[in-house]
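Undergrad: Protein sequences appear in the order of chains A and C.
Residues 1 to 258 (the working numbering) are what the first sequence spells out, left to right.
Residues 1 to 278 (the working numbering) are what the second sequence spells out, left to right.
Hints listed in this document are in silico derivations from the structure and should not be mistaken for laboratory results.
Be aware that one or more of the hints could be misleading.
[As the list claims (entries may be wrong)] Beta-carbon label-pair distances, calculated as ranges:
no.	chain 1	residue 1	chain 2	residue 2	range
1	C	28	A	235	26 to 34 Å
2	A	40	C	196	38 to 46 Å
3	A	21	C	18	25 to 33 Å
4	C	180	A	255	53 to 61 Å
5	A	247	C	185	55 to 63 Å
6	C	227	A	1	37 to 45 Å
7	C	81	A	37	26 to 34 Å
8	C	84	A	1	57 to 65 Å
9	A	31	C	263	31 to 39 Å
10	A	19	C	202	42 to 50 Å
11	C	213	A	31	49 to 57 Å
12	A	235	C	105	19 to 27 Å
13	C	111	A	31	24 to 32 Å
Glycine included, C-beta positions come from ideal geometry on N, C-alpha and C.
Single-letter residue listing:
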Amino acid sequence: MLNRVAALGKATLDSVAGAGAAFFMLMRALVGKPQLRKSWPLLMQQMYSVGVLSLLIIVVSGLFIGMVLGLQGYTILVDFGAEQSLGPMVALSLLRELGPVVTALLFAGRAGSALTAEIGLMKATEQLSSLEMMGVDPLRRVISPRFWAGFYSMPILALVFSAVGIYGGYLVGVRWLGVDDGAFWSVMQSNVEWGQDILNGVIKSLVFAFVVTWIALHKGYQCTPTSVGISRATTSTVVTASLAVLGLDFVLTALMFG
Amino acid sequence: MRQVENSALDDALVVIDNLHFAHSFGAHQVYQNLSMRVPRGKITAVMGPSGIGKTTLLRLIGAQLYPQQGSIEFAGHNVHQLNRRDLYELRKRMSMLFQSGALFTDMTVYDNIAFPLREHSQLPEEIIDTIVKMKLEAVGLRGARDLMPAELSGGMARRAALARAIALDPELILYDEPFAGQDPISMGVIVKLIKELNESLGLTSIVVTHDIAEVMTIADYVYILADKQVVGHGTPAQLKQSDDPLIHQFLHGEADGPVPFHYKAATLEDDLLGSDHA
Chain A
1 MLNRVAALGK
11 ATLDSVAGAG
21 AAFFMLMRAL
31 VGKPQLRKSW
41 PLLMQQMYSV
51 GVLSLLIIVV
61 SGLFIGMVLG
71 LQGYTILVDF
81 GAEQSLGPMV
91 ALSLLRELGP
101 VVTALLFAGR
111 AGSALTAEIG
121 LMKATEQLSS
131 LEMMGVDPLR
141 RVISPRFWAG
151 FYSMPILALV
161 FSAVGIYGGY
171 LVGVRWLGVD
181 DGAFWSVMQS
191 NVEWGQDILN
201 GVIKSLVFAF
211 VVTWIALHKG
221 YQCTPTSVGI
231 SRATTSTVVT
241 ASLAVLGLDF
251 VLTALMFG
Chain C
1 MRQVENSALD
11 DALVVIDNLH
21 FAHSFGAHQV
31 YQNLSMRVPR
41 GKITAVMGPS
51 GIGKTTLLRL
61 IGAQLYPQQG
71 SIEFAGHNVH
81 QLNRRDLYEL
91 RKRMSMLFQS
101 GALFTDMTVY
111 DNIAFPLREH
121 SQLPEEIIDT
131 IVKMKLEAVG
141 LRGARDLMPA
151 ELSGGMARRA
161 ALARAIALDP
171 ELILYDEPFA
181 GQDPISMGVI
191 VKLIKELNES
201 LGLTSIVVTH
211 DIAEVMTIAD
221 YVYILADKQV
231 VGHGTPAQLK
241 QSDDPLIHQF
251 LHGEADGPVP
261 FHYKAATLED
271 DLLGSDHA
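All chains, full assembly: derive it from the sequences and hints.
TA: Written out as structure tokens, the structure is:
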């Protein structure tokens, strides 16, 4: 019994210490005098590998999810003779929920795992230590550009996801199932609000970007530098980030729309 | 403790005093009362059985690890009491050759060597270009400058890493097992390079290794670590004449002696028959 209490205490202490370490890692990476000349090229490079290279999976997933929404929405709405509301249904589902959430989940799987594995391998091959010994802070040089790249690219990816998804809904709803073209767009336009829907979606996306990128970088930076350690850290990034996104989504939705 | 008088030790670049260290993840004590002086401008070898924490010692000198007690001074600065900015400033004056080379895998050999120069100096690209080519020439890899680290053999990678380590003309180079896993030719090349660089650039070198034959030919001073502390030190000639059983065992590579062949365990009888056997 006493052992169990001790184990519980140790687990609690470990997780508090882990959270503290993650917080300090981020603070040390982000707080400091910005050196634009050095950090701009690094940021661009990371925006490419984190953001641009994730475009394909985002666009394809967005298109299919939009198409499914169009199809499902139509079959439900047509029973009530409300198929003209297909436009706002597709747009609101995507902008408020599916855009930010699914993008964050895909981002965690595509870019988050890659970030963790890359940093874990840099640690295992002593590249991070060697930066430190050269007097170059790996937090500023390696962690910081990757963090900002994730933070900036995810909201953009989420908007791309939603835009492509709406087009997918249009393809199925209007082109295939014959919902009126004008009604699809005009009802959507009159029902989607800038602040309530689009901006809230972007805010969600920024929060997810912060959390997912932070988790991915922290897991990589703190991983045990062995092959087993890196593989565990990568898995843990995807699992933890996905759960965090879904949990936070509920909280944010409750705050924004509840 | 076998004290060896040596006036060269008076002018020390690195002074380790009464160091106690244990890793935070285990109760295992790595060092207890470890003291050492590393003479300026010389090659100092640190030898000892595997697992004694030789790499840990280099990381302590570079202040990547912090001791529980004791101090390490580099050029008069206690490395563990500096704030982050001063520590990074001080590290520009030392460099470390990692066992794996630790080249940045996403850059060519050329960019790897230019990296510390671009980070820390305001030099124009033409001058950096000249310096990089000279450093590559010193390690014999000028022709390999456009290769990626993955295209280099182990020996070449270590030489490229050495070129990067001397890019900023440091005062101290820490070599972590520079001979491990090298074929005889590249081993010879690296031995020669360490010696030549030390002389021509006026460096101070600390070479952590267990390749006795190689390091004894170039070292000016040798420390032997075992059992959490220094068990012997002196010039190679002094150590060869030592009649201490531990130093003798280590220098001659005997399987059993003061450093036992067997890891600490219960007796074989207990283990095979169970501890309660009659």
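Undergrad: When the structure is checked against the list of hints, which entries are broken? Sort them ascending.
TA: The structure breaks hints 8, 9; every other hint is satisfied.
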